[in-house]
Amino acid sequence: MNSWEPKIIAFLCNWCSYGAADLAGVSRLQYPVNIRVIRVPCSGRINPKFILAAFRHGADGVWVSGCHPGDCHYIEGNYYARRKFAVVKSLLEHTGLEPGRLHFSWISSAEASKFAETAREVVEAVRAVGPARHFIKTKPMWDDIEAPLKAACQAEVG
Amino acid sequence: MLTIFVPKDKLPGLIGRIMDGARVFAPVRDGDGYRFRLLDRPDKADFTYQNTRLSPKELIHPPAETMFSYSLKKGDPKEGILEEVPKALGKRVVWGIRPCDAKAFQLVDINFITDQVVDPWWQKRRQATVLVGLGCAEPCNTCFCTSVGTGPFDRSALDVLMTELAEGYLLEAVTDAGEALLAGAPEGAPASGSTLSEARSVAEKAEKSLPRLFVPEPLKEKPMTELFQAAFWEEVQFACINCGTCTFLCPTCWCFDIQDEVHHQEGVRLRLWDSCMFPLFTLHGSGHNPRSQKLQRVRQRFMHKFKYYVDKYGNGPACVGCGRCVQYCPVNIDIRRVAGMMTASCVCPT
Amino acid sequence: MHAYTEKIREAAQRLLADKKVDGVIGFRQGTIPMMSEPVFIRHADQVHQLTWNGFCGVNLANYLVKRKDRVAVVAKGCDSRNIVLQLQENQIRRDQLYILGAPCHGMVDRRKVWAFLKGRDPLQATEDGDSLRVSGRDFEEVVDRQAFLQDNCRICTHRNPVIYDELLGDPVPEQAGVDRYEDVRRVEAMGSEERWRYFEDLIASCIRCYACRNACPMCYCPTCFVDESRPQWVGKTLDPTDTRTFHLLRAIHMAGRCTDCGACERACPMGIAVRQFTKKLEKDIKELYGYEAGVVPEGRPPLDTYRPDDPQDFIK
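Chains as they are written, first to last, in my numbering: chain A, 3 to 160; chain B, 13 to 362; chain C, 13 to 328.
Hints listed in this document are in silico derivations from the structure and should not be mistaken for laboratory results.
No residue lacks a Cβ here, since even glycine has one placed at the ideal position from N, Cα and C.
Some clues are possibly wrong.
Straight line, CA to CA, 20 Å or less: simulated PhoX-like cross-link-like pairs of lysine-lysine [unchecked claim]:
(1) B:324 - B:232
(2) B:90 - A:141
(3) A:86 - C:298
(4) A:9 - A:139
(5) C:80 - B:306
(6) A:86 - C:295
(7) C:130 - B:56
(8) A:116 - C:328
(9) C:31 - C:80
(10) B:324 - B:234
(11) C:328 - A:86
(12) C:78 - B:306
(13) B:99 - A:141
(14) B:85 - A:141
Label-pair ranges, simulated between beta-carbon atoms [what the hints assert, rightly or not]:
(15) B:238 - C:60: 23 to 33 Å
(16) C:152 - B:302: 45 to 55 Å
(17) B:198 - A:5: 55 to 65 Å
(18) B:33 - C:197: 50 to 60 Å
(19) B:88 - C:77: 44 to 54 Å
(20) B:130 - A:140: 26 to 36 Å
(21) C:197 - A:70: 31 to 41 Å
(22) B:274 - C:184: 52 to 62 Å
(23) A:132 - B:276: 14 to 24 Å
(24) A:140 - B:238: 46 to 56 Å
(25) B:13 - C:142: 55 to 65 Å
(26) C:319 - A:24: 28 to 38 Å
Chain A extracted, bound-state conformation (with noise of 0.2 Å):
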């Protein structure tokens, strides 16, 4: 278990956590290799279809940053999603999901070292919980009825 490495998908914003992330690059700021950024417009944009898909694929970790409340490129789009987000997270980790998991920060473009030090906060809560074992989908392969039927199938076909 010691090569694990855990996967970590980042939702940044265009206008504010992406910015940030760029001018943390540029500053040659360091933080940990493990997440990959998904550019969005706006936090509001975040759909909780999406923090799904990225369990569904079989990533550790999902972490989601906007601009700070008020700083929105669009005036009002994170006040919406903060409100979505706090359902969200409830509703997801209220049926199983490991706290842990599922991040959220405002970064705005000029906190590079808060995006640094974020980044490495999310990769340790994320490690400290371990592999997902959980919400991954996997190819469908159904035969009969039930899951308990797999096992007898498979010893019927061999």
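Assemble the complex: chain A is given as a structure, and chains B and C must be docked to it using the hints.
Just chains B and C now, with coordinates in the frame of chain A:
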């Protein structure tokens, strides 16, 4: 044909012995209902059930079935080739199926095994399956099997008919496969004359409790367009919320959808239950939908069962009167009432 | 006969005669015990079909979305809250509706009665005040109606319609001392893994028929996420990950919109307690934003608005 009597305490022994050579499915308590499950112990089977919530069609026509797999990897010699996925098609026995549900298999056979086209998996599963029916001594108030050409002790689709008596079960082989299943069973004893007459009176009592509610036969002669345009559909369809429960629970609803799922560089082709209650069912690639209205979809379900199927195959109707849709419809659309409306204007033979 | 029945018939007669509405949406006698069927009455000579009893659990708001005509509709507390939401979401206009408010005593859950009867087949069920009389071929049981109400009715705190044009009876006392979230808290107290398993077991028997979605008066998207194929957000097999994805996304779409009318659980052919998802959201929305769906006709639903000082402890 071979007829034996098995005392109640010996039935698990008989089933257990058969489990050595075949997969045996039987009604098992599942939450607040019953469902056909693969038995791992013979005593798990519960024959006190009235009917399972889901029909046993799932045993022959699973809700989800992986048909093929394929590779999308560049350079893979199997790239783009559909390969049939291995399936468990060995011998199986369904123990305790209701005669109506077994009849449903026969009705679907007519559609899936034709001169021109054969559904290979339906056919193979059917051929691998022996049906031991459990006569329906106490039909539910939602049952109407006698109105659609079958009955609580209809043996026409069974391999063995089992009748529950006070002390045990009477097992009557109906086909050679059924006879082979019962032959030499040490649990059984030859049925005495009094046992046979006890079984006969159980069956007669059950049949008497189910008067015919409507007579579907004259629908054959009725012009299709007249039924199609009937005014009553407007009233019938109102309450429907297109939830699809009726089609998912129905033993004769056979419609399916084919979907591909791709995972990285490999994919599978799946067959999934579908429902004519959903607008997506008939949505064309062009965006046109010939059944975009709820009325059209509701009408389709009833017309298919009582008219299209009958016209196409000269058989039917494609309903066995199990009553599941009547019992579980959340808005109380009652197929018996609808069938009554469809047949009302027919001239019934006296 | 229930006292509302006469009033509903009288109102229907009057509204149709005065040409105030094109039709009346109500209930008629069902064909099986403990069921009443939603019906659309167009003419005065059909008015006698209308009825009311404790088996009118179907949410009639289901039949209002995108209607073009003017209708009268009989609305229980939950139905009226769904109507409020549909008005807010522009699915129908207020001037198209004439709402006959039905203060509600809770609806009977026939599945609870079936469970109580243990396989005995009910042939007839009648109500008499607080008691429910169920009889079959060789039995008769008289039980306390309250014990057989739908789960959502037992914890209902809005039995009286929140919006109406006329009331069919005096408002009923709202249930006091109701603990709406006892079950949610029980799950919250579990560990993460235990909660995962709890929901895994909860949805294990799901056959992905989508009856819960279709029965919901608030589910009216022209294309459901389930049916989207490019990209495909959720697979359609019985795969547990897909089934969970479906239930989670369905619930999230209900956040701040669910009135806990119980239509989803009524419709589920497998008897899955799908309200376990939506109730958690309902509790969160109430705690975070102090909002109850469909209670106040003014204002916007909670996820369609914001306050600058909304809680954000969970955001770094």
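Structure-based check of all given hints:
Straight-line distance between C-alpha atoms of residue 324 of chain B and residue 232 of chain B comes to about 10 Å, which keeps the hinted pair within the 20 Å bound. Proximity of residue 90 of chain B to residue 141 of chain A is assessed by CA-CA distance (about 18 Å); at most 20 Å being required, the pair is judged to hold. Proximity of residue 86 of chain A to residue 298 of chain C is assessed by CA-CA distance (about 14 Å); at most 20 Å being required, the pair is judged to hold. The hinted pair formed by residue 9 of chain A and residue 139 of chain A meets the criterion: a straight-line CA distance of about 16 Å does not exceed 20 Å.
This hinted pair checks out: residue 80 of chain C and residue 306 of chain B have alpha carbons roughly 15 Å apart, not beyond 20 Å. Annotation: proposed proximity of residue 86 of chain A to residue 295 of chain C holds, straight-line Cα distance about 14 Å (limit 20 Å). Simply put, residue 130 of chain C and residue 56 of chain B have alpha-carbon atoms about 18 Å apart, close enough for the 20 Å limit, and the pair holds. Proximity of residue 116 of chain A to residue 328 of chain C is assessed by CA-CA distance (about 10 Å); at most 20 Å being required, the pair is judged to hold.
Restraint check: the Cα-Cα separation between residue 31 of chain C and residue 80 of chain C comes to about 16 Å, which is no more than 20 Å; the hinted pair holds. Annotation: proposed proximity of residue 324 of chain B to residue 234 of chain B holds, straight-line Cα distance about 14 Å (limit 20 Å). For the given pair, residue 328 of chain C sits about 16 Å from residue 86 of chain A by alpha-carbon distance, which is consistent with the 20 Å threshold. Proposed proximity of residue 78 of chain C and residue 306 of chain B is supported: the alpha carbons are some 13 Å apart, at most 20 Å.
Under the criterion of a C-alpha separation no larger than 20 Å, the hint pairing residue 99 of chain B with residue 141 of chain A is consistent with the structure, at around 16 Å. Distance check on the hinted pair: residue 85 of chain B and residue 141 of chain A sit about 16 Å apart at the alpha-carbon level, within 20 Å; holds. Distance hint check: the CB atoms of residue 238 of chain B and residue 60 of chain C are about 29 Å apart, consistent with the given range 23 to 33 Å. Between residue 152 of chain C and residue 302 of chain B the beta carbons are some 50 Å apart, a value that agrees with the proposed interval 45 to 55 Å.
Against the hinted window of 55 to 65 Å, the Cβ-Cβ separation of residue 198 of chain B and residue 5 of chain A comes to about 60 Å, which satisfies the hint. Taking 50 to 60 Å as the suggested C-beta distance range, the pair residue 33 of chain B and residue 197 of chain C conforms, at roughly 51 Å. Between residue 88 of chain B and residue 77 of chain C the Cβ separation comes to about 49 Å, which falls inside the hinted range of 44 to 54 Å. At about 31 Å, the beta-carbon gap between residue 130 of chain B and residue 140 of chain A stays in the expected band of 26 to 36 Å.
In this structure, residue 197 of chain C and residue 70 of chain A meet the distance hint of 31 to 41 Å, their C-beta atoms being roughly 34 Å apart. For residue 274 of chain B and residue 184 of chain C, the Cβ-Cβ distance of about 55 Å falls inside the hinted range of 52 to 62 Å, so the restraint holds. Restraint check, residue 132 of chain A to residue 276 of chain B: a C-beta distance of roughly 23 Å satisfies the suggested window 14 to 24 Å. Distance hint for residue 140 of chain A and residue 238 of chain B: a CB-CB separation of about 52 Å, consistent with the stated range 46 to 56 Å.
Our hint of 55 to 65 Å for residue 13 of chain B and residue 142 of chain C holds, since their Cβ atoms are close to 57 Å apart. Checking the proposed 28 to 38 Å range against residue 319 of chain C and residue 24 of chain A shows it holds: the Cβ atoms sit about 32 Å from each other.
Figure legend: structure checked against the earlier numbered hints; every hint is met.
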